[in-house]
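Asks: Those protein sequences? They're chains A and B, same order as listed.
Quick note: the first sequence uses the numbering used here, first residue 2, plus one each step.
Quick note: the second sequence uses the numbering used here, first residue 2, plus one each step.
Take these hints with a grain of salt, some might be off.
Note that identical chains are pooled: a pair holds if it fits in a single copy or bridges any two copies.
To be verified - No more than 30 Å apart at the CA atoms, straight line, and that leaves these computed lysine-lysine pairs for BS3-like:
#	residue 1	residue 2
1	K807	K383
2	K771	K735
3	K488	K807
4	K98	K814
For the record, the hints were derived by calculation from the structure and aren't laboratory data.
2 protein chains.
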Amino acid sequence: MMDMDQDPRKRLCFADGRRKVDYVLVYHYRKRSSVRGSPSQHRLSIISNGSYPLGVEEKDQEGGKDEPAEVVVDVGPPDPADGEKIMIREEFEGNLKDAGLEIEHDKENKAHGHAFIRLHAPWQVLSREAEFLKIKVPTKKVRHSRDLFDCQRNLGNSWMSHRYFWPFCRYNIKSKDTFFDNATRSRIVSLYYFAHESSFQPEWYNVIRLLHDEWARYGAFYKYQPVDLIRKYFGEKIGLYFAWLGVYTQLLIPASVVGIIVFFYGWATVETNIPSQEMCDEDQNFTMCPLCDRACDYWHLSTACGTARASHLFDNPATVFFAIFMSLWAAMFLEHWKRRQISLNYSWDLTGMEEEEVHSHTYIEHPRPKYETILLQKRQRKKKNKKNKNETGHEKLTWRDRLPGYLINISSILFMFGMTCSAVFSVIIYRITISALMAMSPDPEVKSNVRVTVTATAVIINLVVILILDEIYGMVAAWLTELEIPKTETNFEERLILKAFLLKFMNAYAPIFYVAFFKGRFAGRPGDYVYVFNDYRMEECAPGGCLIELCIQLSIIMLGKQLIQNNIFEIGIPKLKKLCRTLKDKERAPKEIVEQPGRRQQWHLDYDLEPFDGLTPEYMEMIIQFGFVSLFVASFPLAPLFALLNNVIEIRLDAKKFVTELRRPDAIRAKDIGIWYNILSGLGKFSVIINAFVISFTSDFIPRLVYQYMYSETGTMHGFINHTLSYFNVSNFKPGTVPSISSLGKDITFCRYKDYREPPWSTEPYQFSKQYWSVLAARLGFVILFQNLVITMSMLVAWVIPDVPKNISEQLKKEKTLLVDVFLNEEKEKLQLIQSLFSRDLTQEQSVLSAPSASTEVI
Amino acid sequence: MMDMDQDPRKRLCFADGRRKVDYVLVYHYRKRSSVRGSPSQHRLSIISNGSYPLGVEEKDQEGGKDEPAEVVVDVGPPDPADGEKIMIREEFEGNLKDAGLEIEHDKENKAHGHAFIRLHAPWQVLSREAEFLKIKVPTKKVRHSRDLFDCQRNLGNSWMSHRYFWPFCRYNIKSKDTFFDNATRSRIVSLYYFAHESSFQPEWYNVIRLLHDEWARYGAFYKYQPVDLIRKYFGEKIGLYFAWLGVYTQLLIPASVVGIIVFFYGWATVETNIPSQEMCDEDQNFTMCPLCDRACDYWHLSTACGTARASHLFDNPATVFFAIFMSLWAAMFLEHWKRRQISLNYSWDLTGMEEEEVHSHTYIEHPRPKYETILLQKRQRKKKNKKNKNETGHEKLTWRDRLPGYLINISSILFMFGMTCSAVFSVIIYRITISALMAMSPDPEVKSNVRVTVTATAVIINLVVILILDEIYGMVAAWLTELEIPKTETNFEERLILKAFLLKFMNAYAPIFYVAFFKGRFAGRPGDYVYVFNDYRMEECAPGGCLIELCIQLSIIMLGKQLIQNNIFEIGIPKLKKLCRTLKDKERAPKEIVEQPGRRQQWHLDYDLEPFDGLTPEYMEMIIQFGFVSLFVASFPLAPLFALLNNVIEIRLDAKKFVTELRRPDAIRAKDIGIWYNILSGLGKFSVIINAFVISFTSDFIPRLVYQYMYSETGTMHGFINHTLSYFNVSNFKPGTVPSISSLGKDITFCRYKDYREPPWSTEPYQFSKQYWSVLAARLGFVILFQNLVITMSMLVAWVIPDVPKNISEQLKKEKTLLVDVFLNEEKEKLQLIQSLFSRDLTQEQSVLSAPSASTEVI
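Okay, chain A solo, but in the shape it has when bound (with noise of 0.2 Å):
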């Protein structure tokens, strides 16, 4: 690719041609004295912890040496003395030589800005570190192995997890230089890749050509993802990543076809159903109150024909079969997902990886800085006022440190959550106006779109509004997040990411709750109108029900989120930033690069590229588009199929993102998908409970069932829609309230509304009827019903899958008794040569004996 003009292999050695250079770091002196600061900059120990961001990436590069490993760390805070950095960064060094680290300094070129230090890791840290990290290292032919024995005994049954792979040993090792390649080594040291396509090393190469040909292609959607090679070029953390994208996407297909199925039968039942024709039907001729006061006229209802008949593709009996069905489907996901995670786990030799290593893929997780500058400004308050009190000092922060932080954080979280609802809020308030508005123009045409333009403009507006506030909320999260001091960085990302789930959560998903339990149920009756700002009457639901509405507000949000999010938000602002940042750095810096010319090299094109910022928003966009398929799935039952097609597009569009827009990212383990895992769950949970209320309060499902089994005459749905309908006596209207002009208003007497409601004739005029009191008892009936089984169900789904997969089970069985054969066969075999060795000893020993004054020093 690139022209050589040394031997590569010499070039990444330390001075004396032998040691190689595992590591290198830089720093800057002098010339520059503000660089780009993060907190965690400055942490000392590069061992325990090789994830930390890239702050600082600039270097020039100079004497012709090429690292194959670059990482530059500041490893001074940016404030202080260039003196005190000096002290720290020696002291940072020292402990890097405790750490068995061999350090070369860079003596040629003092007088410029950027000096290198070049880390070589000795063969006897990497092999400590591969202890301790349990590295599998493959050995052939287990049983004749003797001399892995001595040291793999004490391992008990932990670490056979892979048939020919042992756990590393070094007393079984005899080619010491060669034994370990470059990605493990770079593995032990830090735990840290470099650059894309490097041409040093050809092995890379390949994996990334197959990566560019196999999977960051639209062309291959339909192939299963290498994860293997995924992983073994960015590490677990992202391998698992997309592996669970490809569970996911692969379960939505099954969900997807059902989705259509039950589509098709909405759209195959719409002419044979009672209710909708007995809407479209213009001969029933109801008489419906009018939609707004005065400047709306009473109409019939089969003018609503169209709705009803589009409300019955989404709300019919297959439905509810449906939403049982997703629910299902979501506990079999987990369950699946569950198994692969230990399969994969099994296969990339993870099974072995403890508890606690998962997340910081070290023993011990190094505090934050943050968090170890607050405790020693504690520590130093404490100091202060030890004359007074006399404390011990605590060497950790408590929860009084940490209240302030708690209490910006839920006032935080609060005040957020009332923005979100007064930006619903301020939606309807749109609605309603606009629609009053146009109610009120004398263009005919304007006021037979009302409810169209309306609707649309309004979802519309919704969309953009989460779609900002997303991002705010994003931030806010991360700042929260820095608020509450978190130990460690697994801590801080767990509760980042939890803050950010339930922001962004409920920001996308009020205003569909709004239209699923909330709309509609405050407008009041005729002659009793609920209004806001003493003029607008609360909105009710389309004629055809809610569910139509909820539909409508579910697919534009969710279609318009996936394509906006992919398209600008995954695509331009990348590809715009990069702009702006070549834009910038031709202009500010053309003299660096006019001093190497023909050096532009792998780490120059790489840092190009827009940096690496952790998995949180890919898992954070499916997790919401989880929520659509999961969550509402009663009323749209082709949520799965969208999901299904975006989710085809996203694996490539991703793909091509990590391996040609992305600076590699560190290769981190991980043995799980961590936190999200249990967010996935608990939205699993709450889909049950929402699906119900949704069929229950928002479709039409238990008034049908409760018309056809308790009132119907017939025992047939005919009668349905005027049983639905109450009475109305046009005289009870209140003054100003009527109709002004109508065409209708002539000889009405009672007009009809929606609701179940004693007639005017009744003793309690307009009080709820006994209907309505019978339907929502069978509507609740039916929630604890549907909770229940469907819990009972999933609970009984996860019992009847096994978590470890039969044939990972029988390997490890297998293996097992292989081991306790190997040993046995083992011990009698050493038993007989001890006894053999013992009876030769015992000869000799008597020869000795009977040879007087013989040392016992000469066996």
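Mind docking chain B on chain A? Use the hints.
Replies: Chain B in isolation, oriented as in the chain A frame:
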């Protein structure tokens, strides 16, 4: 204790006087032909499983051999001829030899009926097994015991489970003969402990005396149990049972206190409670419809004043709080136990124990003999059919082979379910007929005591039926599990427990469920009663509500079951059995005792004790009790108190039983309480929904609430009783059901009954009224609210309480830090050593090189 005529140390050895006897096998030849056969008697591996039931333990002592650990295993199955027996024995011995054990045959008394085979486990077998079992051995001064490191390096994190204990590693032990004490030795060889209070093991004698004094004594009821001692003597599994029982009993204390407070709250408010005042108020004078046809008269509600007041004790707003409290209590109990279990695992060195070891305490659990027999038969069948089909012989039983077993299982369980239901129904019929008969009796005294007599006798019949069916179901469950042909003993136990739990739970709770949810709901209404067998009206609840009846039912069954089980089943029957056996033995075998009159030693005494049946009955009793405490606690707040009182006695009773009345059980390793935890957690979840239904449907809490906030004109409870009573027009009684003799009946046109139905003058007389539906909706709404609230809170409790106690996780962390430091130091020193050696070698080499023709063999 007993007179010893020889040095006991000598007598525990092989003929060479050096090798210790670890194990003795005894077989009978010629003399006896029938031995009590158990399916697991002819298992051939002694290392893999030490937990077989003791089949035959009679033996006679001759030649002065006093073995410390003596197990009698009848090697041959009872059927085959002597020749085959000898073959099997030889194969068995061969296997033992292959496993590395050394065998000494008894040569002295060939003519006698018993032959002894003595086993010695040599050092390498012990050390191999110790390494397999990862037995922790104490070691002092971690920092300086350098010789440990070579072996332990590879263990990584998993082995550091106790600060100064290291997993066994043979390479650092010097004193091989004395290193393992007797107990560890026997744990390693066989995992089997022998006699109580053996005088050869003075340390055990002290333990047993301590257990007697500190634990197995009613006087010690207020003391914490010496769990570590229990574990030391009886093994982990039994230790965990008592620890669990201790935690449960301890946590019952707060539950009892709250229960008593709730009960006294009811007591204190009964005078001020308006509904019960109204019921007792003779001025209100509600004339109620007769309770039975013809024989019963109209009656005044004020005569039911007593039950109304009594029911207020249990049916007041505090019980709702108590139900929520107890659901959270159950969640907390489970979390608390998890923590305790982890603490115990830590202090008992079980943290390193693998999942698969947990139940089997071996690596690969052997299949049950029954399974192997069936498999053999299948293979033989296959062989016969081979000519036709030419199949490869499958190595396991498929579902096809188990299908008949499963079918019998399902049908038997359904049959048993029907049996339980019919038992409950029979008692209902008994109650209905007896009350009808007694009501028809002319004697006024009989008439007045109808309800009390009938209820009391019926509950007692229920109790007796439950106790009898309990025993039957236990046996049936064992039989059914045998039919399923489970592969391993663990499998067998789990399935047995699940089945037995299902059956016994159903049995114990069926009558309670009936009273809580069904009684009085199918009685019909005046003029339209439901009749069984055409003659007897279905029973109704007492006027005070069904809750008081539920309460009576619960308390009698709970107390009765506990008292009878404790007294009769746990004390009486074992004593009776023992008496029987001693009588039988005396009758049958006086000659054997005559043979050695003075030699009745520890194992003889132990043989007289009851064999240990496993912990299943103990756990089962407690779990059923946990059901009483959690499931219907809303109706009986004193249940935790009664459970507490019972358990305080139960612990000491069980302790006494284990120490003095049972043969010493095998010491089985176990990491947790196994499937019982799942059952407990399932019960906890089930209790939420049951309590929700009890509060909303059985108690009058919701109707009162609805009345107060929807129907009461004053906003108080005044008029509640009137509101709950519907009107019935006496003229609508069916002919023949009108009271025949009536003191009140003359001037009555309307009688009242407890239900929400339309009055006779309505347009739909006797239909459910609007109130009925609104109350039903409120009840169902409450169930949803309660269930989801409590589930969320329980999840919160489980999430807030960390599974691993903080002190333990901190200790583990500290150990890790220490370890890393030690390793780093050691590494450094080693490196220096190597370097100095290397430099010496170098100089030496140089000197050698400088000298001509030196051979490298010198070094």
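Asks: All hints, please: hold or fail.
Replies: We went through each hint and held it up to the structure:
Only between protomers do K807 and K383 lie at most 30 Å apart by alpha-carbon distance; the minimum there is 25 Å, versus 58 Å within a single protomer. Taking the shortest Cα distances, K771 and K735 sit within 30 Å of each other both inside one copy (26 Å) and across copies (28 Å). Taking the shortest alpha-carbon separations for K488 and K807, only the inter-copy value of 15 Å comes in at or below 30 Å, while the best intra-copy value is 40 Å. In this assembly of identical chains, the alpha carbons of K98 and K814 lie at most 30 Å apart only when taken from different copies (24 Å versus 44 Å within one copy).
Of the numbered hints listed earlier, not one is contradicted by the structure.
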